[in-house]
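*Asks:* In terms of mature numbering (1 follows the signal peptide of the UniProt record, and there is no 0), the sequence shown is residues -20 to -1, 1 to 251.
Worth flagging that the hints you see were computed from the coordinates, not collected in a lab.
Glycine included, each C-beta is placed from N, C-alpha and C at the ideal position.
Keep in mind that a hint or two might mislead.
Unchecked claim - DSS-like mimics (lysine-lysine), calculated; alpha carbons at most 25 Å apart, straight line:
| no. | residue 1 | residue 2 |
| --- | --- | --- |
| 1 | K43 | K158 |
| 2 | K83 | K158 |
| 3 | K225 | K30 |
| 4 | K185 | K43 |
| 5 | K30 | K17 |
| 6 | K225 | K17 |
| 7 | K185 | K233 |
| 8 | K83 | K43 |
| 9 | K225 | K185 |
Claimed, not checked - For each label pair, taking beta carbons as the anchor points, the in silico distance ranges come out as:
| no. | residue 1 | residue 2 | range |
| --- | --- | --- | --- |
| 10 | V164 | E6 | 19 to 25 Å |
| 11 | D56 | V164 | 43 to 49 Å |
| 12 | V164 | R60 | 29 to 35 Å |
| 13 | D3 | N28 | 27 to 33 Å |
| 14 | S100 | V164 | 26 to 32 Å |
| 15 | N214 | R130 | 17 to 23 Å |
| 16 | D84 | Y212 | 36 to 42 Å |
| 17 | S162 | R110 | 23 to 29 Å |
| 18 | N214 | S249 | 20 to 26 Å |
| 19 | E177 | R110 | 37 to 43 Å |
| 20 | S162 | N25 | 36 to 42 Å |
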Amino acid sequence: MKLPFMLLSFLLLCQQLIGAQVDTVEVYSNSMQKNIKAVVVQPTNKLNSKLPTLYLLHGFSGKYHDYIQRVAQLQDLVDRYQILVVCPDGGYSSWYWDIDGDKDFQYETFVSNELVSYISANYPANEESRYRAITGFSMGGHGALYLALRHQDVYGAVGSIAGGVDIRPFPNNWDMAKRLGSYVENSASWQSHTIMEMLHLAGGKPLPIYIDCGRDDFFHEVNLRLHERMTYLNIPHHYQSMPGKHDWAYVSKSLDYQFAFFHQFFVDSER
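Starting from the given sequences, assemble the full structure and let the hints guide the process.
*Replies:* Laid out in structure tokens, this is it:
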């Protein structure tokens, strides 16, 4: 009788060491007429048949596998909080926008429509928006806020880690002019695509918001100004600024807090 018990104990230990299940999938985007990769991480031992989902968006020049390769505790967070995590490829410099007339840059449609539909159809994801959140780093932090504000029927909560929340001070950086045209000639388009000028969209149903940026980050000033403006406009949000700069060490530290924030949001959604 001891052998089966020891074998069972060994298998359980192996499960714990292996951690959450990691899949790499290819999702066809009808809007861009191509397959796009994504990493999907799900708990090893699911406690519910349907799981809340967190979409993690990478930064400029990043890839779909950035979080699983660079955030050591990601699988542990997935197991601990029982959250399904989806990390899509957002292209080298998409900023997660749909660009009129450019079929290669329809990433708003891909992430918030095509990918969400794929995950709902192929994974144990709760399909209600109150069980779906989105966050990201740098370009991905901007993208998360941009998508959540424009698709509050899709996402119930949103976060940002060192997000480029006001793109206007950086008119010559990170390929944004390739997407929107020059700031001098297309200022109206830049205004409509920057988070700082989209806050009127947060005036509808409550949207839990978590904004985080390191004190030594080059995006710290724009994040602080966003926090101050949201405070002035009485938009509820959580703002955090810890010691740190624009790197993956800060992302890893921030995700510990953001997972707890989203977990609490999902728990509250059940009440």
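*Asks:* Check each numbered hint against the structure and report the violated ones by number, ascending.
*Replies:* 3, 4, 6, 7, 9, 10, 12, 13, 14, 17, 19 and 20
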